[in-house]
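Novice: Quick note: to get the working numbering, add 20 to the position in the sequence shown (first position is 1).
Quick caveat, the hints were computed from the structure, so don't treat them as lab data.
A portion of the hints provided could be inaccurate.
What the hints assert, rightly or not - Below are the EDC-like pairs computed for lysine to aspartate or glutamate, each with C-alpha atoms no more than 20 Å apart in a straight line: (1) K85 <-> D229; (2) K251 <-> D273; (3) K181 <-> D225; (4) K181 <-> D223; (5) K197 <-> E115; (6) K197 <-> E155; (7) K251 <-> E276; (8) K80 <-> E247; (9) K157 <-> E115; (10) K246 <-> E276; (11) K149 <-> D229; (12) K80 <-> E276; (13) K85 <-> E155; (14) K157 <-> E221; (15) K197 <-> E247; (16) K85 <-> E115; (17) K85 <-> E250; (18) K251 <-> E221; (19) K80 <-> D134; (20) K246 <-> D229; (21) K85 <-> D134; (22) K149 <-> E249; (23) K80 <-> E115; (24) K246 <-> D273; (25) K251 <-> E240; (26) K181 <-> E250; (27) K197 <-> D273.
Note that this is a predicted model, so its numbers are computed, not measured.
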Amino acid sequence: MHHAAVVVSRNFPTSRRFPSLKSFYRSHAHPRASTNAPPALPSWITLHSGTWTPPNPAYKERIIKGMDKGFGANLGVNLVGCGPGWLELGFLSTERTSQPSGYVHGGAISALHDIANGKATYTLAPSSKVVLTVELKLNILRPTPCAGPRTLTLCRSQLVKPGRNIVVSRADCVYFKIRPREGTAASDGRREKEEEAMMREWDWDLFSDLVARTNTNSEEATVAVKELEEKYGVHMSGGILASTSLSTCMLVDGRETWANE
Numbered sequence: 021m022h023h024a025a026v027v028v029s030r031n032f033p034t035s036r037r038f039p040s041l042k043s044f045y046r047s048h049a050h051p052r053a054s055t056n057a058p059p060a061l062p063s064w065i066t067l068h069s070g071t072w073t074p075p076n077p078a079y080k081e082r083i084i085k086g087m088d089k090g091f092g093a094n095l096g097v098n099l100v101g102c103g104p105g106w107l108e109l110g111f112l113s114t115e116r117t118s119q120p121s122g123y124v125h126g127g128a129i130s131a132l133h134d135i136a137n138g139k140a141t142y143t144l145a146p147s148s149k150v151v152l153t154v155e156l157k158l159n160i161l162r163p164t165p166c167a168g169p170r171t172l173t174l175c176r177s178q179l180v181k182p183g184r185n186i187v188v189s190r191a192d193c194v195y196f197k198i199r200p201r202e203g204t205a206a207s208d209g210r211r212e213k214e215e216e217a218m219m220r221e222w223d224w225d226l227f228s229d230l231v232a233r234t235n236t237n238s239e240e241a242t243v244a245v246k247e248l249e250e251k252y253g254v255h256m257s258g259g260i261l262a263s264t265s266l267s268t269c270m271l272v273d274g275r276e277t278w279a280n281e
């Protein structure tokens with residue numbers, strides 16, 4: 021997937037810098053019944069051409085190496101792509117990340133946002149700095165289902181205000197429900213192995229494009245859905261904006277514990 025240089029646009033509504041929470045929740049938490057795919061991102065978050073120069077040219081290698089370590093690796097988070105000022109993570113929820121009511125646990129959702137915002141900050145962090153979260157504001161707009169069909173989530177983080185020591189970023193999670201086609205039922209053990217294999221081979225570039233198109237080109241999105249369904253033998257539905265967060269991270273002197281490995 022090819023990404024142009026990315027900067028968060030300042031094209032906010034003219035009436036106010038940010039839309040009111042009331043209007044935001046009305047437009048995203050309760051979409052019209054006739055709308056099958058709510059906007060993947062709020063309409064006032066747009067991208068425009070521009071550049072940020074990463075102080076660490078090897079930022080991507082640093083992020084990739086860090087994805088194999090710690091809590092993110094245990095959670096099963098996958099790096100989809102990244103660039104100066106932005107990052108995308110993929111996540112397949114299973115019973116291991118669920119709560120008793122059958123939805124993805126809030127702790128897993130919070131961790132996904134925290135990891136995405138932190139890793140996005142690393143795209144503009146000097147090699148001599150490490151990133152620590154000092155504040156995370158999370159709004160869960162709707163529960164992410166976990167029981168029954170599995171759920172694929174794409175979490176996008178974009179830097180809003182990159183400073184010398186403090187960086188503010190925003191992340192949004194969009195999910196799709198996936199289920200095996202009829203006649204492909206399997207035991208729990210076999211199904212878990214199939215899911216793990218699918219995650220290793222999943223076409224995250226195509227999935228990311230699908231999420232981006234859900235609110236811009238429904239015909240292209242339909243083609244992408246069919247391609248993914250054929251490739252993996254599943255049914256997909258959704259395209260739901262489930263949660264959004266605003267994070268503040270601090271850059272401090274230091275290095276990762278695995279830096280000398």
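Novice: None of the hints should be skipped; say for each whether it holds.
Specialist: A quick look at each hint next to the structure:
no.: 1; hint: K85 <-> D229; result: 25 Å, violated
no.: 2; hint: K251 <-> D273; result: 45 Å, violated
no.: 3; hint: K181 <-> D225; result: 26 Å, violated
no.: 4; hint: K181 <-> D223; result: 31 Å, violated
no.: 5; hint: K197 <-> E115; result: 14 Å, holds
no.: 6; hint: K197 <-> E155; result: 30 Å, violated
no.: 7; hint: K251 <-> E276; result: 38 Å, violated
no.: 8; hint: K80 <-> E247; result: 29 Å, violated
no.: 9; hint: K157 <-> E115; result: 26 Å, violated
no.: 10; hint: K246 <-> E276; result: 41 Å, violated
no.: 11; hint: K149 <-> D229; result: 32 Å, violated
no.: 12; hint: K80 <-> E276; result: 15 Å, holds
no.: 13; hint: K85 <-> E155; result: 25 Å, violated
no.: 14; hint: K157 <-> E221; result: 33 Å, violated
no.: 15; hint: K197 <-> E247; result: 15 Å, holds
no.: 16; hint: K85 <-> E115; result: 27 Å, violated
no.: 17; hint: K85 <-> E250; result: 32 Å, violated
no.: 18; hint: K251 <-> E221; result: 10 Å, holds
no.: 19; hint: K80 <-> D134; result: 18 Å, holds
no.: 20; hint: K246 <-> D229; result: 13 Å, holds
no.: 21; hint: K85 <-> D134; result: 17 Å, holds
no.: 22; hint: K149 <-> E249; result: 42 Å, violated
no.: 23; hint: K80 <-> E115; result: 31 Å, violated
no.: 24; hint: K246 <-> D273; result: 47 Å, violated
no.: 25; hint: K251 <-> E240; result: 17 Å, holds
no.: 26; hint: K181 <-> E250; result: 41 Å, violated
no.: 27; hint: K197 <-> D273; result: 41 Å, violated
In summary, the structure is inconsistent with hints 1, 2, 3, 4, 6, 7, 8, 9, 10, 11, 13, 14, 16, 17, 22, 23, 24, 26, 27 from the numbered list given earlier, while agreeing with the others.
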